[in-house]
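Residue numbers (my numbering), protein chains in the order written: chain G, 1 to 384; chain C, 1001 to 1382.
Treat the hints as calculated values from the structure; they're not laboratory data. Hints should not be assumed to be uniformly reliable.
With a straight-line cut-off of 20 Å between C-alpha atoms, the simulated EDC-like cross-links for lysine to aspartate or glutamate are [to be verified]:
id : chain 1 : residue 1 : chain 2 : residue 2
1  : G       : Lys344    : C       : Asp1056
2  : C       : Lys1012   : G       : Glu194
3  : C       : Lys1244   : C       : Glu1112
4  : G       : Lys372    : C       : Glu1100
5  : C       : Lys1012   : G       : Glu33
6  : G       : Lys344    : C       : Glu1100
7  : G       : Lys308    : G       : Asp333
8  : C       : Lys1032   : C       : Asp1048
9  : C       : Lys1298   : G       : Asp346
10 : G       : Lys115    : G       : Glu33
11 : G       : Lys372    : C       : Glu1058
12 : G       : Lys308    : C       : Glu1058
13 : C       : Lys1012   : G       : Asp286
14 : C       : Lys1022   : C       : Glu1163
15 : C       : Lys1012   : G       : Asp346
16 : C       : Lys1039   : C       : Glu1288
17 : C       : Lys1039   : G       : Glu58
18 : C       : Lys1039   : C       : Asp1111
19 : G       : Lys355    : G       : Glu33
20 : C       : Lys1022   : C       : Glu1037
21 : G       : Lys308    : G       : Asp346
22 : C       : Lys1032   : C       : Glu1269
23 : G       : Lys308    : G       : Asp286
24 : C       : Lys1032   : C       : Glu1100
25 : G       : Lys372    : C       : Glu1253
26 : C       : Lys1012   : G       : Glu313
27 : C       : Lys1032   : C       : Asp1172
28 : G       : Lys355    : C       : Asp1097
29 : G       : Lys344    : C       : Asp1111
30 : C       : Lys1022   : G       : Glu135
Examples of chain G residues lying across from chain C (beta carbon under 7 Å, computed) [claimed, not checked]:
id : residue
31 : Tyr4
32 : Trp50
33 : Tyr81
34 : Arg228
35 : Glu229
36 : Ala231
37 : Cys238
38 : Ala262
39 : Leu264
40 : Asp297
Built from N, CA and C at the ideal position, the CB exists for glycine as well.
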Amino acid sequence: MREYEAVIARVEELARGLGLRFDPVVFRMSEAEEIAEVASMGLPNRFVHWYWGGAYKEIRLQQDKSLLSILELVLNSRPAYAFLRRSNTYLQNVLVIAHVYGHADFFANNHWFRKSNKNMLNESERHARTFRAYEATVGREAVERLLDACLTVATSVNAFERDPTRRRRRLVYFLEEHAPLEPYEREVLQAVREEAEYFDLIQRTHVTNEGWATFVEATLLRELLSPREWAEVCVHLCARPAPYTLGYTLFRAVRNRGGLQAALQARRYYEDVRLIDETLTQELVDRLDLFVYDPRDRSRNTNVDAVKEMLIEQKLYRGEPRIEVEDPDHPRDLVLVHTEEGRKLDPRRIALYLKAVHGLWRHPVRLRANGKLYTYDRRGLSTS
Amino acid sequence: MRIHRGRIAQHKHDTLLREYLKQNLHELIQQKELVAEGKVKTQLSTLDLPTLRYGDDEAYLAQGGGSGSGAGEEGAQPVGGLLGGDHHGPEIRVELDFDEFVRLAQEVLLDEVQLPALQRPPRGGEVETEDLPELDDLDRMGLAADLNLEETLVASLLRNVRERGVADYDVDLRQDGWYFVEDPSASRNHRSLEVYVLDISGSMRGDYLALVRKTIFLLWYALERRYPTNLRRYVVFQDVAEEKTREEFFSVESSGGTHISAGFEKAMELLEGASEYDTYLFLFTDGETSSGDFELAKRKYEEALERFDLVCYGHVNPGSRGVGGFSEYVQEVARRRANATFANLVDLDSVRDALRECLVRVDGEGRQRCGSTRRSSPAWRS
């Protein structure tokens, strides 16, 4: 760690010179495995679930191939904790350090991100401990089944939704209010929902956050590095996964139009939808090689409006089908509706999904989708 | 002490995966089209959270080959998961890599047949060479990790001077990228050449396929542990024989009559240029060769015995009927010939016995080859 102290101090100084303001950052040297673990679970010390296991495996595999592997990780806490990977080269870690200051600045200044719960680290650990205690009393399998169902319905959270009537149409809130759950089940559902809201909020500023961090990284390193090193970094910056390159490209466009001040303003007030909507142009779409792919006729649509619409829709609904509770005022029957006309749901998933909902609701669950009415009750799935 | 939560989660995940495979292996393995684009379709929706998704036909957002890694129509990457699907991490696969499927299937099968434990697997899948390939050629298409920095930067510099009149590194990988690639003419070193020949005449389907594939997976397990490098070639035959890729071999449509001679003949063609290898022929059939083919098949079988180090003949017989026709002839010959084995594949037990016999021979061959570099006629008799 000592070899990095000087460069950390220098990067911090440059960052402040650029106009960034942030809480203290604590750097830690760590193994690739630990980084994969936190990256797959989202938070350290979170409850252990098989679902993270699949992601963990994937990340470990990528780390071995060193393709698009995660080099860095920073936790949204006060102070911010950042992990440097021991197996990184010195230059890679310098990149990471600069990138981390971008994140720290974003954590402290972005209007939307600041709403996130800085105490989530501790809370998720408390949740994990609660779940373990329940495992001891009701059995591991029961808790695992419950968690499967809770994680499935928790995708219906929306951290930005403030309107209580619209909120009640979202399945997870509806179930929390009306489902005939045991006290421990309700507590688990609530805990899972809180964590899902936390991730949802982070997700809604993901492109902006990564884009800003990459932008800061590039700006600081240009000052810090020799031209030769900078040139090398330049190549790496445009070979990163989509949220990084998209966000970075957009922030560069903002700066080219309105200077650094405009970029600083954007990082303070924008979230993903606004950043994409105001900044994405046809030229950038072409450069990023983004398009809407239609598997029916194998066509690519590279038109900026089509791409933008799809991107924004993905950000608003996380690329998931829009499902609502039909009539939350009569909480006897649970009828769900797929509200997008003309789009079809994958029929193979419907039975399993409804089974999970039924596990919490206990009574018959209905779903209107694909022009049919699906019913799931004790006898299983039926269609009419 | 640190709790390895990641490993615990992975263990839970893999336990579920294995459980699913164990319960469904027999059905999965006899799918006509086992592999497509390197993946095995498993309908593993249980291993994903059962959240709702759009149907397969719906349009999605994608980013195509921008990093230069195969920009074809199929190279397009959906960006949904990366932009925040239902999880902050990458999407969990609902399909398995074929290699991973094979590894898990082997695990399940080994458990069932209770073969003696072999040494730890050095790696899974088809292995062509132990060394990393020499990347000593350049191409405009390649993997991101193999980017040639210097060439790319020069290309970028030149382009920027040309287009904007500024000597700046504003790299656009689509236009500037140069990648290290393997020189396609470089020769590789392989130690074992395994030719798998499968009868796909009308009668080979369902249980037949399941039994053959299980046998092949177990053979792979054993052979991968004996040879540092395995070169595998695949032949299917009915009236005529054709060489297939691995993927095609595991996605065959059964039809037509049976000319076993054609299978042997094609297999021998594949020996061309394989003088440095231990050569194995594994042929799977139900033995019902067409009536006009019997004599020719005999001659070709004899010829194959001369040219391969070991010829294993699997009579696939899940109904446990008597051995007749061409198989009866081979059974007779195999008793007399040292480099021939005959196996009546009825169920997993018979597969195990056949494997044992086969491996004893393979072992003999391996030991002999290690002892002397001179290529001599096989000394099977022991």
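Evaluation of the provided hints:
no. : hint                  : result
1   : G:Lys344 - C:Asp1056  : holds, 9 Å
2   : C:Lys1012 - G:Glu194  : violated, 24 Å
3   : C:Lys1244 - C:Glu1112 : violated, 30 Å
4   : G:Lys372 - C:Glu1100  : violated, 38 Å
5   : C:Lys1012 - G:Glu33   : holds, 17 Å
6   : G:Lys344 - C:Glu1100  : violated, 32 Å
7   : G:Lys308 - G:Asp333   : violated, 38 Å
8   : C:Lys1032 - C:Asp1048 : violated, 25 Å
9   : C:Lys1298 - G:Asp346  : violated, 53 Å
10  : G:Lys115 - G:Glu33    : violated, 30 Å
11  : G:Lys372 - C:Glu1058  : holds, 18 Å
12  : G:Lys308 - C:Glu1058  : holds, 17 Å
13  : C:Lys1012 - G:Asp286  : violated, 43 Å
14  : C:Lys1022 - C:Glu1163 : violated, 60 Å
15  : C:Lys1012 - G:Asp346  : violated, 27 Å
16  : C:Lys1039 - C:Glu1288 : violated, 32 Å
17  : C:Lys1039 - G:Glu58   : holds, 15 Å
18  : C:Lys1039 - C:Asp1111 : violated, 24 Å
19  : G:Lys355 - G:Glu33    : violated, 35 Å
20  : C:Lys1022 - C:Glu1037 : violated, 23 Å
21  : G:Lys308 - G:Asp346   : violated, 24 Å
22  : C:Lys1032 - C:Glu1269 : violated, 27 Å
23  : G:Lys308 - G:Asp286   : holds, 12 Å
24  : C:Lys1032 - C:Glu1100 : holds, 19 Å
25  : G:Lys372 - C:Glu1253  : violated, 36 Å
26  : C:Lys1012 - G:Glu313  : violated, 34 Å
27  : C:Lys1032 - C:Asp1172 : violated, 44 Å
28  : G:Lys355 - C:Asp1097  : violated, 28 Å
29  : G:Lys344 - C:Asp1111  : violated, 42 Å
30  : C:Lys1022 - G:Glu135  : violated, 27 Å
31  : Tyr4                  : violated, 23 Å
32  : Trp50                 : holds, 4 Å
33  : Tyr81                 : violated, 16 Å
34  : Arg228                : violated, 9 Å
35  : Glu229                : violated, 11 Å
36  : Ala231                : holds, 4 Å
37  : Cys238                : holds, 6 Å
38  : Ala262                : violated, 20 Å
39  : Leu264                : violated, 23 Å
40  : Asp297                : violated, 10 Å
When each numbered hint is compared with the structure, violations occur for hints 2, 3, 4, 6, 7, 8, 9, 10, 13, 14, 15, 16, 18, 19, 20, 21, 22, 25, 26, 27, 28, 29, 30, 31, 33, 34, 35, 38, 39, 40.
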